[in-house]
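Trainee: This is what each chain is made of:
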Amino acid sequence: MNFTADAPPGSRPVPNLLAAALAVGVHVLFVLMLVFGVSWQTHHPEAVMVDLWETLPDTPPPPAPPRPPPVKAPKPEPVAPAPKPVEKEPPPPKTPDIALEKKKVEAERLKKLQAMQAAEEKTRAEAAKAWREKQQAEQKRQALLRQMEEEDLKQRVATEAAANEARLARLTQAQAAANKRQAEMASVVGQYRDQISAKVRGNTRLPDNLKGNPEVRCLVKLLPTGEVQSVRVTKSSGNPAYDDAVVRAIEKSSPLPLPSDRDARAAFVPELSFVHRPKE
Amino acid sequence: MNPELGQDLSLFHLVLHASLPVQVVMALLLGASLMSWWYIFIKMFALKRALRVTDSFEREFWGGGDINAIYQRVAGEREGAGEMERIFEAGFREFMKLRHQTGLSLNVVIDGTRRAMRATYQRELDGLESHLAFLATVGSVSPYVGLFGTVWGIMIAFMGLSSVAQATLAQVAPGIAEALIATAMGLFAAIPAVVGYNRYTHDIDRLANRMESFMEEFSNILQRQQATAKSV
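Here the protein sequences come in this chain order: A and B.
For the first sequence, counting from 1, position 134 maps to 182 in our numbering; every step adds exactly one.
For the second sequence, counting from 1, position 31 maps to 327 in our numbering; every step adds exactly one.
Hints are computed from structural coordinates only; laboratory data are not their basis.
There's no promise every hint is true.
To be verified - A short, non-exhaustive set of chain B residues, derived as facing chain A with CB atoms under 8 Å: (1) Leu-307; (2) Ser-329; (3) Leu-330; (4) Phe-341.
For every residue, glycine included, the Cβ atom is placed at its ideal position computed from N, Cα and C.
Using the sequences and the hints, build the whole thing.
Mentor: This is the structure we're talking about:
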């Protein structure tokens with residue numbers, strides 16, 4: 049039997065090429081989007097150096113006038129020492145003469161004697177002169193020494209005076225700084241005292257039977273954080289209801305505002321004497 | 297694009313300098329993505345055409361056209377016929393063959409016709425559903441593949457970090473960036489695949505429902521016709 053007539057029809061061809069092209073197109077589009085849409089290159093900002101000036105720098109000095117081109121110093125010409133050979137004349141030939149010789153010898157001796165005397169005198173004079181010179185030099189040296197000593201002394205005195213002055217200046221400066229700091233502290237302490245008073249006053253419920261403006265003094269023990277540990281009445285107002293009201297108000301105001309400065313906080317921690325008046 | 301500048305994070309540079317497993321993963325994902333997009337477009341065209349042809353056939357069939365004329369047209373075009381047209385053709389051909397054989401009861405004729413139509417229906421549905429399994433696989437697996445590539449790349453990056461004295465972010469950043477590209481590619485492959493799979497499954501289900509309804513209605517028409525023919 050043959051069933052070719054019953055064979056099912058073959059499947060259709062599908063537009064594969066178009067689909068493939070579209071698929072590739074989608075990917076190319078995506079890659080292009082990534083490459084051009086996202087900045088992949090990281091740019092680091094340029095490092096900048098900054099100089100901090102306390103005061104404005106002086107105006108820059110005007111540019112120096114152009115320096116003249118260095119003139120070439122003329123080369124010193126080598127001074128050639130001209131050697132001048134001095135030609136000594138040969139001594140004249142002696143003429144032998146005995147009589148004359150004797151005389152000559154005598155005269156020569158005399159001459160020698162005279163020369164010796166002269167030399168002696170000369171050496172003596174020279175020695176005297178040397179001694180005098182020495183003396184003078186000694187005097188000069190001593191004068192110089194004295195002068196130097198004097199100068200040294202003067203200088204020492206001057207430096208001492210300057211040091212004294214500097215020390216004094218430093219002391220006064222420190223004193224001034226301390227005074228300033230103290231004043232600052234005082235103002236900070238006063239400020240915070242006012243703040244604490246205001247807070248406590250806000251929390252105080254005055255009793256009905258209160259008359260006048262009685263003063264209550266309390267000793268408040270505080271933690272460094274401002275938390276109230278305990279309150280003790282040191283001077284009662286005479287009205288126990290009012291005293292209690294103030295104590296309750298202080299406890300209710302915990303934590304109290306405290307300055308962040310350690311020195312200023314010392315006025316409040318660990319104990320604070322607190323004065324409260326209902327009307328102020 | 298100068299490697300000496302250190303912080304070059306261009307896309308191509310990252311891909312080309314990734315470690316081998318990461319590169320393999322990337323290539324795999326690129327292939328999967330290309331294939332899934334290919335199938336997405338194939339299915340898109342095929343389903344659009346199937347819907348269009350089915351619509352026109354139903355209009356023609358229920359619009360009072362002569363069944364014999366329709367059969368002649370459908371049998372003539374064969375290649376370009378739609379799914380429902382083929383079901384109709386197979387059923388009607390079987391019906392014609394059985395009707396001319398004597399000694400067959402009405403039930404047998406109609407059952408044979410329905411079997412022929414069911415067989416064609418199955419075949420057509422199979423054709424429509426082809427490649428959908430691939431889309432489902434890509435959609436569910438490629439994120440994991442991408443994740444594997446990323447984990448591997450980050451492992452390599454941190455291993456490199458262990459050998460230097462001073463660990464800075466700049467030493468691991470390129471490795472992590474290149475590793476994360478694998479995850480990005482996995483997601484890029486998976487998201488369209490999942491969307492396409494869900495959409496096409498839904499479309500094919502609706503088409504299958506229409507074809508099944510047509511099969512039942514056509515069987516009824518044939519049965520009625522045969523009964524009236526026999527009674528006459």
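Trainee: Each of the hints needs a verdict: does it hold here or not?
Mentor: The hints, checked one at a time:
1. Leu-307: holds (6 Å)
2. Ser-329: Holds - the Cβ of Ser-329 of chain B comes within 8 Å of chain A, reaching about 7 Å at its closest.
3. Leu-330: holds (6 Å)
4. Phe-341: For Phe-341 of chain B, the interface hint holds, since the closest Cβ of chain A sits about 5 Å away, which is under 8 Å.
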